[in-house]
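Visitor: Each chain is listed here by its residues.
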Amino acid sequence: MQPRGEWPEIGPDHLDPPIPEAQGGWLRRRRPSLGARATAAPTLLFVLLGVALGPLGFNILTRTALSHLQGATWVALAVIGVFIGLGLAAVTAVSTRRTIASSATIALITIPTVAVGLYLLAAQSGIPLPGNTLAGSMLIGLCASVSAALQTTARSTAEVRHAARLADLDDVPLLVFGVAIVAALAGGSVWLRLVATAAAGGAIGLAGWLLFERADDSERGVFVTGAVLLLAGTGAFLGTSPLMSGCLAALVWVRAPGAADRITARDLRTLQHPLVALMLIIAGATVEWNPVVLWVTAYVVVLRLAAKLLASVVVARLARVSPALLATVLLQPGVMGIALGLNVAQMLGDDYLWILSAVTASAVVSEILGLFLPRIHEEPA
Amino acid sequence: MARAAALLLILATVMGVQRAGSPVATSTVTLPLGFALIAAYLLGAAAERVRLPRLSGYLLFGLLCGPFLLNLITSSMARDLQVVNGFALALIALVAGLELNVGRLRTYLRDVLLVVGTVMVGTWGVLTVVLWLAWPWLPLGDVGGGLPRLAAALITAALVTSFSPTVTIAVIAESRSRGPLSELIMAVVVMADLLLILGFALALQFGRSTMSSVPTDVGLGVQLSWEIFGSLAFGAIVGAAFAAYLRVVGREITLALLAVCALLAVVAPLVHFEIILAALAAGLVVENVAPPEGDNLRIAIERGALPVLIVFFAAAGVSLQLDVLAVVGPTALLVAAARFALIRGITAWVVRGAAHAETPVRLVWMGLISQAGVTLGLATIVATEFPGWGAQVRTLIVALTGLHILIGPILLKAALQRAGEINKI
Amino acid sequence: MTNGPSRQARVSRESRLLLLTVAVCAAVLLLLARLRFPDAPLAVDTAAPPLERLAARASYDALAADIQRVEPMIAPNLIALRVAPELPPAPLDLRDVLARPDAPSGVRHVAALRISRDTALASLDPGARIDGIVGGTGGADRAAVLAVDPVRRIARIRVPDAPVREIAPLPLASLQTPVYVVVVEGTQAGVTLRPVFLGRGDRFDSVRWTRPLLPLGGMAVTPGALLFSLEGEFIGTVVVEDGAPAIAGGRDVLDIVGSLASSTRPAPLDLGVAVQPLTPALAAALAAERGVVVSEVAPGGAAAAALEPADVITDVDGWSTDNPHEFLLRLASRQAGTSATIAIVRNGEPRTVTVPLEAAPAEGSPGDSDAFTSERGVGTRVGPDARASGSGFRPGDVITRAGATAAPTPAEVRRFLATPTPTGWATLMVRRDGRQRVVAVPVAGRSDAAAR
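Residue numbers (our numbering), protein chains in the order written: chain A, 1 to 381; chain B, 1 to 425; chain C, 1 to 452.
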C-alpha cells in the first residue's frame, strides 16, 4: 500500500495522541511542582467527566439519557473497529515473524495471568461476582492485555517502532476472543452469530468498496455514514460487537484495490476523536461503584502491572527491544478495553456492569501510574 | 452495475442479520438508519434516472422495506427512524426560508395572494358543501344533521384541502431548482399552510361548540397568536443569531447549520411553537436581512440536508399504511379526484386574472397536490377531539396522504422540468 | 470586487438590521408570553391546544414503547394473586343461585410486589385469604398472608422463592406531575401494565398514613394497584381515602411491610370507647362547640378510668376532629406504649385527662362472655357483648345446636365452649338474619380468637 499524494498515509491508529506543545505548554512549565508527566491523559479526563455528569455525580446524564445514547456507543465502537482494522492491516504488512511471535508471547503471559489470577483471587476472597465468573474474568484479562497505541514519527528509532507494533498487535486477542466470549454470554447460536457478524462486516465492506470511489462528495458522505451505521447496527443486532464488523470491513477496504481505505480514513478521521471522547464519557457515566468493583479493580491493577513487567522482561530479547522501553509502552492502557467493557455492559445488562466498572477504573489507575513513568520513547525536547 | 451489486449486498446483509438475530438483540436505530441511508439513496438515484424525483425513490424504499411488504424495517424500527422528524422539518423549513427572497417575491405577491386566496377558499368551500351533502353515504361515521354535520364537513374539508410545505420544499431543494415557479410555489404553500392552520383552528372551535359541552374558548386567539407569531419571532431571533455567526465566525458552517436545526427541533415543541414556522422565519431572516457571502452555506446545506431528507422520506414511506388504503381506497380515490379537479380548475380560472399568466402561475397547481405530515398531525388532533367520526376521518386522511405523497412529488418535478428550473443552483 | 467603504457600510447596515430584528422579535415574544401565560390562569380549556406537533408520531406510540422498555425492569418482581372473598359467603340454596346465576364469585385478582426472594407486599383486607398465584401450579407455588396492617390494608405475604430485582421507591414529593405512570393490576391472566395520566395535583394529609397522599381524581384504577414510573421506580399503591382513590407513597408502603416483619399481627390501638357525632342539640346540651361524644366506655378498656359516657372529646395531643370515623382511625394508627393527652368537656367543664395507649386487649374466649340469654324452645340468643368478647358470634345470633345438643341453654353453650377439642375449634349451628348457618368458634384456651 503506497501512500499517494492525494490521500494521507494510513498508519497505526492514533487513538491516544499527546497534547501538542502549544496546548500542553502550561502543564510542562508546572511539571517540577506537579512531579507528574506533562502529557495529560484523555482517558482519565473524559472518564472522570463522565462520572461527574452521570448518576454518581450531577446526574445530568441520567439513566434514561444514557439509554438513548446507546446508538452513539455502537457507532463509536464501529468507528474504532474500522480504525483498528486499518491499523492492523498496516502493521501486519510490515511485521515480521519475530514481531508476531513476540506479540503472541506477550498475550499468552498477560491474559492468563490477569484472568486466572482474578478468578482465583475472587474465589479465595469470596467476592460475589454476578454472572458467569469465569467468562467475566477472561473478559477482564483480555481488556487488561491491550495497550495504548504509540505514535511514531520519522525520527523514531527502530526500537521504538518495534515496540509500537507490539502495542498495536495486542488488540487482536481482544477482537477475536473477547467478541466470541460476548457472543457466548449472549446465548443462542454463538457460531452462527459470529460467522454472520464477520460475513456482514465483509459484505458491507464490499458494498462500500463498490460505492465509495465512484461517488461524488455529497454522495460519499452518505455512503460512508450509512456503512458505519450498518456496521454498528449489525454488531449490536447480532449480539456480538461492532468492533468485529468494523474491523472486518476495514480489512476488506485495505485488501481491495483502490482507495476505499483512504476515503474511509479521511472521512472518519474528523469523527474519530469526538466519538472516542463520547464513548469514554458514556463509560464514566455508566460505571457503578461498590466494594466488588473496588476489589476487582485492585486485583486487576496489580495483576496487570505484574504481567506486563514480566512479559516485557521475557519478550525483550525476542523482540529486540529493551525491557524498560517495552514496559513503558505496554503499561499504557488505552481505550480498547473500555470499549469492549462498554460493549459488554450494554449488550448483557447490569449483571456484567462490574466488568466495565473494573476495566474503566483500572485503566484510569494505570494511566495515572503511567504519568510517573519515564517517557523513554519520546525524543528529547 | 456496481451500485446495483452494492444494493443487493446491503439487502442480503440486512436480511441475513435479521434472520440470525440474537436473544439479546439490542434494539438500536443504527441498523435501519444505515440501511435507509444507502438503499434509499440508491433507489432515489435510480428514480432520478427515469426522471422521477429522488424523493419518490426514498418513499419507494420505505414502502418496499416497510412492515406491509418485505418487513425489513419493522414497526418499531420505523418508530425509531422518526426520531429525525423534528430535525428534518426544521432543516426543510430553514432551506425554504433561505430560498425565499422578499425582494424578488414582491413581483409575485399579487399572484401569490390571488392563488392562495382563491384556491384555498374555493377548494375548502366546495369540498365542505360536497361533504355535507354526501356525508350519510361516506364511511365517516354518524354525526347527525344540522350544525354538527356542517362542522364535521368543515373540519374534514380543511384536512382534505391542506397542502404540504415539507414535500414541496424538499423536491425543490433536492432537484436544485431555482426560478420564478419554484419561488412562487414555495410562497404559496407556506402561506396557504399558515392560513389553513388558522382556518382549521377556527373550524375545530366551531366543531367543539356544536358537538361537545366544552364552552367556547375565549383564549383561543391568544393561544394561536402565541403559537404562530411566537414561532415566527423565536425563529427570527435564532435566524439573526445564525446570520451573525456566519458573518463573524464563518467556520464549521455545516455543524452550525445542524446545531440551529437541532435547537429549533428541540426547543420549539417545548414551548408550543411550530418547528416549521420557526425554521422558516429563521431562514427568511438570514436570506433577507444579512445574506451570507459565497457558497459556503449552500454547500453546507447540500452536505447536511441530504442524509436528513433521505431518512425523513424513507421513514415516511415506511409509515404509509397500505392496509388503510385497502379499506377506504375507493372513497379516498374519489375524494382525491375531487380535490385534484378543484385545485386544477380553480387555478386555471385564477390564471386568467393573474399578472404573470405565463408559465409560473399556470403550473402552480402541480405543486399543490402533495400532502404529508402537516395533514396527518391535524387529523390526529381531530381523532383525539372527536373519538367517533374523527377516527374514521383520520383513516380517510391517512389513505389520502399516502396517495398524495406518492403522486405529488412526481407532478411537482414535472412542473419544474417544464419550467426549465431544475439544476439551476 | 467590492470597494472597502461600501462593503463596510453594507455590513454595518446589516448588523443594525439584525440587531433591530432581534430586539423587535424579543419584544413581541415577551408581549405574547405575558398574554399567553398571565399571572391569573386563563379559562380552562379541557381540549388539546389547536396546534399539536406537526408530523410527529401519536403520543400513544411513544407510551407503548415506554411500557415495553419498563416492563422487563419490573416484571420479575410482579405476581398476580387470586384472593378469595374476605367474609365467608352467606349460605346459598338453589333458589338463590337460580335467581342470580351471573353473580360474581367474590374472587379478586390482586397485584403483589416481591420485596425479597420469598416475601411480597400487596393491598389486602385483614380477613383476605390467598387462593393461589395466577400461573402457579399449586403446592410449592402457594402464597400465604403472613401479616396484615388492618388500618392501611397492606399485607406481607409469603411467596414461592424466586430472584428479585432491587426496588427503588420514588418519593411522592419528587414526582413531577402531570406525568404518565405505569399501573400494574392483577387479572385472571396475570399482571397487566398500562399507562395512566396523573394530572397536576398537590398531596394531602391522611389520618391513616404517615406521609401525605396524592389524589388520583376520577381515574379508573383498581384499589390495590401498584404504580411505577416510566423509569421503573416504585411510586406506591392505590388506596381509597374518603371514598376516592389516592396514591400512598412507596416508602410508606415499604415501611409498613417492614414493620409487619417484626410483629405477628399488629393490633390497632383501641381505647375501648365508642363515639358518636356532636349534633347541634348535643352541643347545646353538653356545652361543647366541637369534637365527638363518648357514647360507651368498655369496662376493661384503656380509657375506662379516664372517660365517661357523655364526655365530649375536643382534642387529642393537639389534634381535633368532629368526625368519629376519622377520630377512631387516627387513634388506631398511633403507637402503642405511649400515652395521649385528651381534652374533654364534662358537664360543661373543660378538663384534661391522660390515657395510656394500649393495643386492643387480648381477645378472651367466647365462653367467658356474659352475652348469652335463653330463647326457650329455640336455643340461646347471643347478646350485644358478643363482639367485644372477640368471638365469631354476632349480636342477635340464635344458637340452635351445640354439638349433639339441640336448642341448648346458655349453660350448655358455655360448657360446650369450655370443652377442649383436638382442633381447638368447635362448630355450632346458629340462626342469623333468618338463615341457618354453621359457625366455627375457638374453644377455651385457644389464643387465635378470630372465627373462620
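Treat the hints with care, as some may be off.
Claimed, not checked - A few chain B residues facing chain A, derived, Cβ under 10 angstroms: (1) ALA6; (2) THR13; (3) ALA20; (4) LEU52; (5) ILE310; (6) ALA336; (7) ALA337; (8) GLU385.
Since the hints were derived computationally from the structure, they do not count as laboratory data. A virtual CB, placed ideally from N, CA and C, is assigned to each residue, including glycine.
Visitor: None of the hints should be skipped; say for each whether it holds.
Guide: Verification of the supplied hints:
A distance limit of 10 angstroms between C-beta atoms decides the matter here; for B:ALA6 the minimum to chain A is near 4 angstroms, and the interface restraint holds. Against a cut-off of 10 angstroms between C-beta atoms, the interface hint on B:THR13 holds, since the closest Cβ of chain A lies about 5 angstroms away. The beta carbon of B:ALA20 is positioned within 10 angstroms of a beta carbon in chain A (closest approach about 4 angstroms), and the interface hint is therefore held. Interface hint status for B:LEU52: violated, as the beta-carbon distance to the closest one in chain A is roughly 18 angstroms, over 10 angstroms.
A least Cβ separation of about 7 angstroms between B:ILE310 and chain A falls short of the 10 angstroms threshold, and the interface hint therefore holds. With 10 angstroms as the threshold, the beta carbon of B:ALA336 stays out of range of chain A, its nearest partner Cβ sitting at about 33 angstroms, so the hint is violated. The restraint placing B:ALA337 at the interface with chain A is violated, with a minimum CB-CB distance near 37 angstroms, outside the 10 angstroms limit. Taking 10 angstroms as the C-beta contact cut-off toward chain A, the hint placing B:GLU385 at the interface is violated, the least distance being around 31 angstroms.
Figure legend: structure checked against the earlier numbered hints; hints not met, in rising order: 4, 6, 7 and 8.
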